Amino acid sequence: MHERIREIILKNRDRDAKLLAILHDIQDEFGYIPQKAIEFISQELKIPEGEIYDTISFYSFFTFKPAKHIIRICNGIVCNMKGSGEIIKAIEEKYGIGNGETTSDGLFTLQIVECIGRCESPPAMLVDDEVYGNLTPEKALEILRRYEK
Amino acid sequence: MKLLKEARNLDSYLSQGGFNALESSLKKAQVKIIEEIENSGLVGRGGAAFPTGLKMKYVAMNSQTPKFIVANADEGEPGTFKDRVLMEKNPYRILEGMIISAYAIGAKKGFVYIRQEYRKIAHKLGEIIKELRQEGYLGRNIMGSKFSFDIEIVIGAGAYICGEETALLESIGGKRGFPRIKPPYPAQHGLWGKPTLVNNVETLANIPLIINMGGENYRTQGTELCPGPKLFSVSGFVKKPGVYEELMGKATIAEIIERAGGVDGELKGFMIGGGAAGYIVNESYLDMPLCYYHARARGISLGTGTIIVFNTSVNLWKILLKIAEFFEHESCGQCFPCRYGTKRMRSIISKIVNGNGKREDIDFLNRIARAMKIASLCPLGTSAPIAYQSAMKHFKEELLEVIE
Chain A
1 MHERIREIIL
11 KNRDRDAKLL
21 AILHDIQDEF
31 GYIPQKAIEF
41 ISQELKIPEG
51 EIYDTISFYS
61 FFTFKPAKHI
71 IRICNGIVCN
81 MKGSGEIIKA
91 IEEKYGIGNG
101 ETTSDGLFTL
111 QIVECIGRCE
121 SPPAMLVDDE
131 VYGNLTPEKA
141 LEILRRYEK
Chain B
1 MKLLKEARNL
11 DSYLSQGGFN
21 ALESSLKKAQ
31 VKIIEEIENS
41 GLVGRGGAAF
51 PTGLKMKYVA
61 MNSQTPKFIV
71 ANADEGEPGT
81 FKDRVLMEKN
91 PYRILEGMII
101 SAYAIGAKKG
111 FVYIRQEYRK
121 IAHKLGEIIK
131 ELRQEGYLGR
141 NIMGSKFSFD
151 IEIVIGAGAY
161 ICGEETALLE
171 SIGGKRGFPR
181 IKPPYPAQHG
191 LWGKPTLVNN
201 VETLANIPLI
211 INMGGENYRT
221 QGTELCPGPK
231 LFSVSGFVKK
241 PGVYEELMGK
251 ATIAEIIERA
261 GGVDGELKGF
271 MIGGGAAGYI
281 VNESYLDMPL
291 CYYHARARGI
301 SLGTGTIIVF
311 NTSVNLWKIL
321 LKIAEFFEHE
331 SCGQCFPCRY
341 GTKRMRSIIS
351 KIVNGNGKRE
361 DIDFLNRIAR
371 AMKIASLCPL
381 GTSAPIAYQS
391 AMKHFKEELL
401 EVIE
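Residue numbers (our numbering), protein chains in the order written: chain A, 1 to 149; chain B, 1 to 404.
Worth flagging that the hints you see were computed from the coordinates, not collected in a lab. It should be emphasised that the depicted structure is a prediction, and the values quoted were computed from it without experimental measurement. Keep in mind that a hint or two might mislead.
[Stated by the list, open to error] Cut-off 25 Å, straight-line C-alpha distance, at most; resulting in silico cross-link-like pairs (PhoX-like, lysine-lysine):
{"no.": "1", "chain 1": "A", "residue 1": "Lys-89", "chain 2": "B", "residue 2": "Lys-318"}
{"no.": "2", "chain 1": "A", "residue 1": "Lys-46", "chain 2": "B", "residue 2": "Lys-109"}
{"no.": "3", "chain 1": "B", "residue 1": "Lys-120", "chain 2": "A", "residue 2": "Lys-11"}
{"no.": "4", "chain 1": "B", "residue 1": "Lys-250", "chain 2": "B", "residue 2": "Lys-194"}
Work out the full structure, taking the sequences as your base and the hints as a guide.
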């Protein structure tokens, strides 16, 4: 792990805005921010661990628990008006997880989020970086089934 | 004059006259460019409507170096998606506007701060920046001039508050996105304490238009008090939700709803402004021309240009609850009036939605709203009560119907 993190830090060395970029790469690589990573970043960048933790814990994108895919269901005003509640219910029931929880096999973490800026096709969700709009409960479950492989 | 004119690649942008504005700018004195922007009457398109030229002047006049420029692409107001569509359609013009602005204020480094929910667009922008470096529009000695400038992309990590400019600067610095107390403003004390110009991406896309047509000429577009084009995000109960471009003051709310396919169902009202920080108003506003000036004159704000249409199936208390939940979740927790106020507003509205609303709850809501407006540290706290207060003004009877 140390080697991989060192590579990530090296990759971002020319940036002025280093920390967020490094944390994004680590989140992508491991599916979460491991405690070890915080220690390594602290040593390499000479920032106290507490400060790094302070930053990580502020942003909802960074997680401390591993998950292969993150489902972000938009529950902003527009999506909410157009039935995001039903989508949320369907996913919660199918996978047995609530907001912020991860399936026991570590496949999905569910996040109910505010507006994701896809208000022309509500209700919408993001699975990792992929956007899906005009959802129905059936369509949402069908999309997620594809990620189960 | 079309902000939304599509440029899929550099060649197509160049064939539309892309980078002509940069080329001519690099031959001009920096103060001349700022003068042009000031003469154009352009105001910021991110919600606050501050005169763009004046902001540039503050940064340019500051003798401290280095200076920075930041493009705010952290669009997060509910119902607002115009920056996303603009970045998808024509990312080049935004970057050209950024390079020209950097030259005008004397910045050598710029950042595009883009929300994580738009990460695919961020990656595309990254590719374009590489391409522009290869083609000599970025990097050392841009277009053979003495001016050197480069751009770094910073991807946010899921925090609405980072759209607030000082929180955004903290975030670029790798910190929690806590807003700073203003003044000092970013023009005096910005990124790493240095003078920094923060502009919304739609604002930046206007810069090449102004340079190409001249400030005076740009000012003749739209209305005298509010010149230029503006993007509007229209969503909710309309048949063709989307982003629509209009010259300021030339279309009314009714007309833009028509462009968006008309109301789906029977119109009840709409929310206008900056998404959650928007005003809930009734059909008496349908004839309002869409521009900052007219909005202010009618006691509301155009904000980011967001219009969410409600039909008669919409329950306003539920909308208010949704908004209250939003603010409770997104309050950064730094200052007490906002941290506590958003929580209390949500719990009282929740009680009302559940059918247990009493007269004193309304009095309490009104008191909290007032306190938050007076005492919150940043615009998040001061704007959180707007939806409730405006709805109470325009839909009082309906809202009080369910109160004992």
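Cross-check of the supplied hints:
1. Lys-89/A <-> Lys-318/B: 18 Å, holds
2. Lys-46/A <-> Lys-109/B: 24 Å, holds
3. Lys-120/B <-> Lys-11/A: Roughly 20 Å between the alpha carbons, so the hint for Lys-120/B and Lys-11/A holds.
4. Lys-250/B <-> Lys-194/B: With Cα atoms ~39 Å apart, Lys-250/B and Lys-194/B exceed 25 Å; violated.
Checked against the numbered hints listed earlier, the structure breaks hint 4 alone; every other hint is satisfied.
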